[in-house]
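Trainee: Residue-level listing of the chains:
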Amino acid sequence: MAERAARLRARYGAAPWHLVVVTAALVLAGWVALRLAHEATAGRMLLWFLGAVIAHDLVLFPVYAAVDRGLRALARGRVTLLNHLRAPALGSALLFLVFSPGILRLGETTHLAATGQDQRPYLMRWLLLSAALFLLSAVTYLLRRRQASPKRSDSA
Amino acid sequence: MPPKPPGVDTIERSWRSPLRGPWLTAVYGTALLVALPLVIITGLLDYVAYGPQFDQAFPTDVGWLRLPAFDWPTRPSWLFRVTQGLHVTLGIVLIPVVLGKLWSVLPKLFDWPPVRSLAQALERLTLLLLVGGILFQIATGLLNIQYSYVFGFDFYTAHYFGAWIFTGAFVAHVVIKFPRLVTALRSRPFGAQLRTSRAATRPEPPDPDGLVATEPGPATVSRRGAVGLVGGGALLLAVLTIGQSLDGPLRRTALLLPRGRQPGPGPNGFPVNRTVAAAGVRPEQTGAGWRLTLRGGGRTMTLDRSALLAMAQHTAALPISCVEGWSTRQAWTGVRLRDLAARAGVPDPASARVSSLERAGLFRTAVLASNQVLDPDALLALRVNGVDLSPDHGYPARVIVPALPGVHCTKWVAEIDFQGRTDG
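Protein sequence lines correspond, in order, to chains R and X.
Our numbering numbers the first residue of the first sequence as 1 and each following residue consecutively.
Our numbering numbers the first residue of the second sequence as 1 and each following residue consecutively.
Please note that the accuracy of each hint is not assured.
Stated by the list, open to error - Restraint-style ranges between C-beta atoms, simulated for each label pair:
#: 1; chain 1: R; residue 1: L104; chain 2: X; residue 2: P179; range: 52 to 58 Å
#: 2; chain 1: R; residue 1: S149; chain 2: X; residue 2: L185; range: 58 to 64 Å
#: 3; chain 1: X; residue 1: D154; chain 2: R; residue 2: L136; range: 40 to 46 Å
#: 4; chain 1: X; residue 1: S117; chain 2: R; residue 2: A131; range: 39 to 45 Å
#: 5; chain 1: X; residue 1: D304; chain 2: R; residue 2: L127; range: 51 to 57 Å
#: 6; chain 1: X; residue 1: G63; chain 2: R; residue 2: T140; range: 52 to 58 Å
#: 7; chain 1: X; residue 1: G287; chain 2: R; residue 2: L112; range: 21 to 27 Å
Hints listed in this document are in silico derivations from the structure and should not be mistaken for laboratory results.
No residue lacks a Cβ here, since even glycine has one placed at the ideal position from N, Cα and C.
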């Protein structure tokens, strides 16, 4: 018995319970896929499912990694400055990512039908929130610098 | 082992962050392990709240994935307010944690060789379901609550079945990785990590999963900073989302969401779900000629609005809560549904089907279970906050029932059909 388990382990690459667990997840997903296959919009759902992975792993990640590289170049080794740029940039980007449907006014008619209001205010609010995040970060950066070098602030 | 194709080494060397490693991944993973089950359970409860036993939970045909049906309770009256509010708010708040977790494991995507064994191949397939599942659920959920249906498929179908694909992969991932998570968390004490400065931050020792960079650069952020950045993002989203579920001036803090805005001043100035114009209900239908039709036990009767106002009036402060994550509590006044049931000759109904003047729309009718008709606070509301309902809030009459999803609190009611216990 132990020998058979060891053989399975060698061939499969993991313990038998591993096979049970991943098979269960794959069977469930397969069953859902078969069930949805006859839906007219099944192709679009699959496209969005796989597209979400591609959009994150191969678009969003390279983009934010590249922006971070740009910020590093801008800060030229001043790590505190770099982080005071990174934090508000991340906050602003996060808000855009989550609330882009309103900010970009995608769905004006459904929004109006559901709420009786248009989507106009969101863009300006996002810009103001982003500006507030950068301002807050700039102010704390200046305060930290003053604390770190009291001599310079005395002479200023 | 076959030779590595060009570029693999370059990619491997380009992972420079000294923070990536089992400990940080385990911290983000623990947050998700604790919070995601809450999102899953409240989501499933929302489905049950819609009443699958009356075929009014969408999608209706779910085969083996049918949930155990039970009568959705009317108490506490804020039950649905909490389940849908938690589902949507927590779902939004967790987005930075999901992004942080994915950042921490991204090098694994470019693992070489891509497949070492059958076990690894199958596991990577479940990871595709896990990552695709969570991103799909986040994307469809976010678009739905912001009324942007750019995806072009049915939201309910996609979000329900997407949830099952994700949950299956999530359970598998937790079962497989839980020992790793425990080892990683034990490898360095949490408190000490949070006290380590940036200058003292060192990479973790090489790990079997290959999360730790082979050529890490100097730390520009401490681990405390990395946890704080993700936590700060979650806090920022929480502050901008929670207002949807609050009444009073704090509601406006949901600055970027549709339900942070009040549609107007006055007693009727609270969020509307579906305007009278969108429902296609015309003023002549709701004027003096409007009649409420009551059916029960084979009999039919009609009442006009003054007859309803002449019946015993009851006032109840009840929340109206939408599955899209917003809610508001208002004081509703009207006739108890159980009084109307008695008037129709069915004092102990098994259910009641409420129909709206609305001709189209998924929610033009709703079935209420027995407990939802008989609750003393279940009303056919005629007034709100001391004044007549506005057209957008359902004038001349709307249903309001404790803990009932908002879309089943039918507006512009035309007819209530009470089913007796023996009618089938």
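Trainee: Against this structure, judge whether each hint is valid.
Mentor: Comparing the hints with the structure gives:
no.: 1; hint: R:L104 - X:P179: 52 to 58 Å; in the structure: violated (44 Å)
no.: 2; hint: R:S149 - X:L185: 58 to 64 Å; in the structure: violated (39 Å)
no.: 3; hint: X:D154 - R:L136: 40 to 46 Å; in the structure: holds (42 Å)
no.: 4; hint: X:S117 - R:A131: 39 to 45 Å; in the structure: violated (52 Å)
no.: 5; hint: X:D304 - R:L127: 51 to 57 Å; in the structure: holds (52 Å)
no.: 6; hint: X:G63 - R:T140: 52 to 58 Å; in the structure: holds (55 Å)
no.: 7; hint: X:G287 - R:L112: 21 to 27 Å; in the structure: holds (25 Å)
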